[in-house]
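Number of protein chains: 2
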Amino acid sequence: MGTIRREGPDCTGNPQRLDVRDRPSTLEAEWVTGFVDGEGCFHVGISVHAGMRMRRQVLPEFTVVQHERDVQLLHALRAFFGCGVVRSNHGDRAAYRVRRRSDLLRTIVPFFLAHPLQSQKRGDFDLFRRVLEMMEQDVHLTESGVEKVRALAARMNRGRSR
Amino acid sequence: MGTIRREGPDCTGNPQRLDVRDRPSTLEAEWVTGFVDGEGCFHVGISVHAGMRMRRQVLPEFTVVQHERDVQLLHALRAFFGCGVVRSNHGDRAAYRVRRRSDLLRTIVPFFLAHPLQSQKRGDFDLFRRVLEMMEQDVHLTESGVEKVRALAARMNRGRSR
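Top line first, the protein sequences correspond to chains R and S.
Each step along the first sequence adds one to the number in the working numbering, with nothing skipped, and position 124 is 124.
To get the working numbering, take the position in the second sequence, counting from 1, and add 162.
All the pointers check out, no bait thrown in.
If you anchor each label on the Cβ, the simulated ranges turn out as follows:
hint : chain 1 : residue 1 : chain 2 : residue 2 : range
1    : R       : Glu143    : S       : Pro278    : 50 to 56 Å
2    : R       : His90     : S       : His229    : 19 to 25 Å
3    : S       : Glu305    : R       : Pro110    : 57 to 63 Å
4    : R       : Ala50     : S       : Asp254    : 39 to 45 Å
5    : R       : Glu143    : S       : Gly244    : 52 to 58 Å
6    : R       : Arg155    : S       : Arg312    : 44 to 50 Å
To give a feel for the contact side, a few chain S residues facing chain R, derived at Cβ under 10 Å:
hint : residue
7    : Glu190
8    : Ala191
9    : Thr195
10   : Phe197
11   : Asp199
12   : Gly202
13   : Val226
14   : Gln228
15   : His229
16   : Arg231
17   : Leu235
18   : Ala238
19   : Gln280
20   : Gln282
21   : Lys283
Simulated from the structure, these hints should not be mistaken for lab results.
From the three backbone atoms N, C-alpha and C, an ideal C-beta is built for every residue, glycine too.
Produce the complete structure using the sequences and hints provided.
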């Protein structure tokens, strides 16, 4: 049993306990940033969706994928941030995933502003944050707005975002 | 320019400065552990070596491999630990690597004892440390000792070390 300490500007509540096998698993904010620098992904998907006014849906998501042997770490991340879900991914992989826009805006983004990524992934995060801010202003609900989002998304996850 | 803060039980010396482009790059101990949980590797190689008494050489090494776009992080790790080298790896990859046994024993192992890994990689680290301790006692210089090392090494890097 280990104590998960929740930190970050938008994480509130008491420390939570998780069953994490035989080792202590006290996640610290800087550990989380380091782990996400290695394993995290900020992604903006744009899908065709017949039911939407624009027929295209903008889907920002933050994910961390691990081999299922380390699924307890994904649960620890979920407890740390106090949002998101842990799901099976392809084959023997599991994923921690945050898609709800309010969670991304109020928890994930403020955390990585307070505890900045050190890798080039920080460029992806900056673009991700800009897309979320545009969505807050409903920019993505116009044709030109979706194109702006698409242009930002195209610069992400290629290591050339900065 | 960013300040690299060196921590850990066996890291001495003043803070060092590195050119890390336009972002601060103050590595903290917990960030380093988180990043290594994601990207690091503890490995023990056993190679045939005609010049050795046992004709087999035991080669423990700690490595972190990244795409070359994040090579500045590898240099920051080298500065943080105060040992090891940064080298080109395959294709567009670069590696931070520590092979010198005294550096592994006096810097790398004490650091990860003080700042424990949270992933299953911790099992690899425990085996890695046991191999280094056996080498300190010259166990690897006997035929049966090399077999013991080989048995430990075979359990590493497969995610089943615990």
